[in-house]
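Peer 1: What follows is each chain in one-letter form.
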Amino acid sequence: MTTAKNIEKELWGSREMTLLETLDRVLDKGVVISGDVVISLANVDLIYLGLKLMLSSVETMERLRGGALTGPEQEPA
Amino acid sequence: MKIYSYGIIDCNGEIPVSLSGIGEEAVLNVSYRDLGIAVSPLREDVLERIERDFRDHVMAHEKVVETLMQRFTVLPMKFCTVFSSNQEILSMMEGLYEDYREHLTRLRGKVEFGVKVIWPLEKVKQALPQDDSPAPASLAGSALSSAQSFLKERFRDYQFHQKLHEEADRQISRIDAVFARLAADRKLERLKTPALLLNAVYLVDQARQREFQEAFTGLRSRPEGLKYLLSGPWPPYHFITIRKSPWTKESKQIL
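Protein sequence lines correspond, in order, to chains E and R.
Taken in order, the first sequence gives residues 1437 to 1513; the numbers are from this note's numbering.
Taken in order, the second sequence gives residues 981 to 1235; the numbers are from this note's numbering.
For the record, the hints were derived by calculation from the structure and aren't laboratory data.
Here are the computed lysine-lysine pairs in the DSSO-like style, where the Cα-Cα straight-line distance is at most 27 Å:
(1) R:K1172 x R:K1103
(2) R:K1172 x E:K1488
(3) R:K1105 x R:K1167
(4) E:K1488 x R:K1207
(5) E:K1488 x R:K1105
Here the structure is a predicted model, which is why all the values come from computation and not from measurement.
One chain only, chain E, in its complex shape (with noise of 0.2 Å):
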């Protein structure tokens, strides 16, 4: 498997996109437990916006030239 790390080698903005498509599960899906257990984010959820817009302009993923993004980051098994 490519990791995130050789990907990063190849690809101008590896990195922020590795970590926006890692934000925008983490942050936004899985199982979601309502009430107090979940600690406001209120800040992250303004950082991880802005990086959201900046990441879906054309500009920006047309940096990627096609290349195919990482997979999430796997530790040996």
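Fit chain R to the given chain E structure using the hints.
Peer 2: The following block gives chain R in isolation, referenced to the frame of chain E:
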């Protein structure tokens, strides 16, 4: 001291690998019936730093989930789901046990892939057939009022965007056909931004993972002017729909 949670797993025993999570704390499994929830202790000082160093913490969270995924079926928790006590965890597990069981069965042995496709928007626009049909009789004539001109222009815009969306649908169908036959489920989003033709996630059986990746490589090599991005395999984040309170009596779905 609080308890940070990473995901529900189909195992009620010890996690057979040494794993450190947020704040470098050891990840443990809290069992409930035949399931478990992977957690680690969360110190107050680490909790205070979570927002400041959130990228590192998000990656630490994801790393734990990824490692668990290699051994178990995992339902990842949303980032920063933190409990005050073991009792609170067990009460949550009790409230949502049936949902967890159902999701774990459905998602067993499956992973998620993300596919993004960018199209050359300007070229696509230029290639669309121009609307040269005559204006409706009511709008015809050389002495159009400004209101009529405005309406005519808006109507042309509307028609143009209809055509653009039809072209997007046509291309998405073609792309989706390549992946859908290899996937157990999928979610497609058309034109999230004008240039992002398709933003899709596919749920793929691990046995078909390589085939899926090869299909992607095959599609990407076609000379059609599209740019393709693949990410994964991920835990099946987009295919988990548990958004409930385990503590309300009726366990109502929260929209």
